[in-house]
Amino acid sequence: MFAYLQKCEPPSNDKRWKIIAATMRKLGNERQALIEALHSYQQAFGYLDKPGLTYIAASLKIPLSQVYGAATFYNHFTMKPQGEHACVVCTGTACYIKGAADLLKSIFNAEGVKPGETTPDGRLSILTARCFGACGLAPVVVVDGDVVGRITTDVLEQRLRKVLGHAG
Amino acid sequence: MLAEELKNIAVHEREAKAAVGACVNVCGAAGCQSLQSDALAKALVEAAAAQGYGPESCVVRKVGCLGLCGAGPLVSVEPAGIIYQRVQPSDAPDIVNALQGPPVKRINLDSKLPFFARQQRIVLENSGRIDPERLEDYIAADGYLALTTVLSEMTPSDVIAEIEKSGLRGRGGAGYPTGLKWGTVAKAIGSPKMVVCNADEGDPGAFMDRAVLESDPHRVLEGMAIAAYAVGASEGYIYVRAEYPLAVARLKTAIRLAERQELLGNGICGTQFNFRIAIRLGAGAFVCGEETALMASIEGKRGTPRPRPPYPAESGLWGHPTLINNVETFANIAPIIRRGGAWFAGIGTERSKGTKVFALAGRITNTGLIEVPMGITLRDIVFEIGGGVPEGRHLKAVQTGGPSGGCIPESFLDTPVDYETLTKLGSIMGSGGMIVMDETSSMVDVARYFMEFCMTESCGKCIPCRAGTAQMYNLLGRFVDRTATRADLAQLEQLCDLVRNTSLCGLGQSAPNPVSSTLRYFRPEYEATFATEGGE
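Keeping their order, the protein sequence lines are chains A and B.
For the first sequence, numbering that gives the first Met the number 0 begins at 0 and goes up steadily by one.
For the second sequence, numbering that gives the first Met the number 0 begins at 0 and goes up steadily by one.
Pulled out of the complex, with its shape left as it was, chain B reads as follows:
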């Protein structure tokens, strides 16, 4: 497809949408879908027909994630900007009836709530606004504009310079500068080069990537295609969890539609640029989120990591130079190209630019997906946007970064969220899972929970991780059973150091984090479980 055709489709789609009187959007992401949003959409279509609305006056669409998953199923009405929560199929006639009047009060959700108003959406700008299964919807939202611009007006080094200027850092957790990574792969010798999208979102409690893939899959494809052009790659893989069947289905649809319009495949947008994307399913191994393990899995092997160097940029998939980025990283690319690196660099803190998507869950009023500028405080996230802890309980800790992260106590809630400060607090940014805990959670239990996770997910290749996590799990068990001694505590701390410093990959290196962070902030809870006074 050429830039001109793309523009025509966008103009046509926007006109068609503006001509329709009202647009009723039903959330069709996995959370709301499990609450029967399919039946709800059907009921709305029937209600609209029964009340005399035709396709020109009312359209019911299935869109991506609307964010506030805990209040699902969600419905939004455009252009009025109304959001309804916990909608049942029986509410459909009332919703249709209210299209031309005030909203239905009993299910209306104030769209000026801080949950919506305090967010800044870049990655999720289309989420909940477009139908993820229609390419035209994405094009109408300036989709693939960045790709055509890149192909017609920019050299690969221009693209890399723009990404470098934006200050974007990897959103998978480690925060490596994206522009620098792209530059390394571009300079690497060897062909073909590969672009891999890491969609193996294994952290329990994290569902950002799932939501992006389900709500706006083309955004990820476009980001990958721009990356491929920048580094000179012709083959792409998306490694996605098998636990996300809806995301897989939507990705497949998106790839097929994009290929049909020559936005992927051979001769993209009438140029000589070729780029194909294939999907590979994960099979439930957390360690496959580690890049070298992920590549082993794509190659059809057990997902075990290998030592780096050589880094994937030099020798990755089948020994070819490979660029690996996370879903959210790729989702940031198109807006950066469209609006410029300088614009992106103007958002966030000095060293962490742009926004970050977080998945809020646990003991918090508003569970769901949020996107906030870097540098916002944890307090704002939990109390303003998240609505605080329900049932009159008190916040005890916020867990970020999943099994690789740590627990941050209430006293540090005013620290701004960026890569460096979270690391300083003994946690990590991670991929964006944020679990809120109240006083009913025992920190020793939580530490053991994560250690059990790391123990069972350890691939077994290196001894510190394989044996160390098991030893730590057993030691933590003594604290849970109240049979521990002070010597056990000392040994636990020693093991934290050992496993952190001697494990082969990120899984083992970060496995002690939940233990060491809870020891740092909640040590009395450990000491209170000693079998004897003082634990001698």
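Same shape as in the complex, but just chain A:
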């Protein structure tokens, strides 16, 4: 059945859906609310999945295919559950020139994950970003929301061990 003919019930009783509903209502439950709705969805739940996208499609009266299209088009949105901790390595030009690739290599050696992946125990996700605009401090890594500038592989490894609670 077409998504937009379905009833706009949130997928669950979770209270967070109210935030997303409010975002959409503020922009008139129209198509122009789509990107903002996806933002508030991801902020509330950490990632996007099909039941949620179906709900947004029904609320905004647009086909699910187009909602899915937007969700997968923009780099900011993810449809994979994220690990408990997130480490985002900036791969902008300044950070690239100052050795972002070495940082990613050292993470792979220490934790065995590549950008876009999460450790099998679900503790740590490694992501890359295009540029945080903190190029003056290159290379830059964001660990659980904290921007760490002028970072070296040693400091990064220490930092990751700390957030993961490893000994040493």
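Honestly, the hints are just simulated from the structure, not real lab data.
Be careful, since some hints might not be right.
[As the list claims (entries may be wrong)] To give an idea of the interface, some chain A residues facing chain B are shown, with a C-beta separation under 7 angstroms as derived from the structure:
id	residue
1	His38
2	Tyr95
3	Ile96
4	Leu136
Backbone N, C-alpha and C define an ideal beta-carbon position, used for all residues, glycine too.
Given chain A, put chain B in place with the hints provided.
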């Protein structure tokens, strides 16, 4: 708010500031904030209290970007004009202690350094001097004076004539004359008209717009409101990257404060003029910096560009006539109105007027944000202001314009910076990112890096860009792996031409620039990677 009230606030604020003995400004822009400048501000407040300073003798404020991000966190002391670098919370007692004596030597930064002295600040005139979260600070710096002048003394066509006279060109990169664009939107038939601010600063290595939005958000709002009056618009949108949470927060605060004082919203400054601004978040798509893609994204669609014409000036957001300008363009408007188009036209070169903000990064001693008059040479920027290449290394190339720009070799450093000369050199002015590279950077690697960027950021709508960038990326990979042949080189050059001439939007049209500029100046580096001698 009426012009009279505005003046009163300005006078009152200036008097209040002059009455305070010393003002300690802590940089609260994203760079320094990530170095814990919040904790530093707190330590300074505590130190001032502990040493017996009251609110009348010492004020600690959080201000916008002080420019030299690489030496952060930065602190400045007014009116003494002292700047401190790499300040730790433990330095706070010493800084407060030195308020009435000579500066603390170990962290003092000479404010007469060329980095500060060679700059000419128009867009950044308030950056690092005002608290971006206080409207009164901006008003005290002649904020919203231009808007009230425009509303009470000028007709929309007067405003456009003044902007035309200034010679201001779009600061987003392409350099289209701003006055001409405004005139086209003003003449366009249809209502409501829209004003859009492009704050989707996607070029990696560029952070000018971020700094302006974080340091002086009202300046952008004022520029947009003047533009709206000039073209007859009533709705405005700021499309800003989601990666800039601090800029978004400060913009929201600024809009709320301005609306409360009737400097935005309905009946601005007691006139019939209405203008509302809403914020829309980007979602990490580089192509959304292209104007038609940006509008698609605001409308809630995938950010794919469409062919022009029709230009946004005739049919833009939801089909309405739309004016789109970059953050820095809007930030230039208020000073032009206040000081006159002729004043602005007196700065810069014959065809590029005014100043340009650049973000210096990479292998350079002084990384940070600078604003210089157009026509300054790259050598002055890199060696005088930037302090040269650190660790005794040599400059190899300066990359301007991000993934759409090119690499300029050392031998061309004496060319003056303006839109035309940079294009002639195979690069572009771009939005203002400037990355310095030394001999440790391989130009083939750099070209592949940018091509990977364009390949992954291609929206996929047109084939030359979608397939061409992938082909070029693979070919460049052969050079990196040293398995390339002369035939690969020929094909790479052919693809550069093809993608440049047949892509739909600016992303594809400029994607070959990093490759063709490095081929132009560093061809031997490509040839040195042939699998066999001569690459046959």
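Verification of the hints:
Contact between His38 of chain A and chain B, as hinted, is supported at the beta carbon level, the nearest pair being about 6 angstroms apart and thus within 7 angstroms. Interface restraint check for Tyr95 of chain A: the shortest CB-CB distance to chain B comes to about 6 angstroms, inside 7 angstroms, so the restraint holds. For the restraint placing Ile96 of chain A at the interface with chain B, the shortest Cβ-Cβ distance is roughly 5 angstroms, inside the 7 angstroms limit, so the hint holds. With a least beta-carbon distance of about 6 angstroms to chain B, the hint placing Leu136 of chain A at the interface is held under the 7 angstroms criterion.
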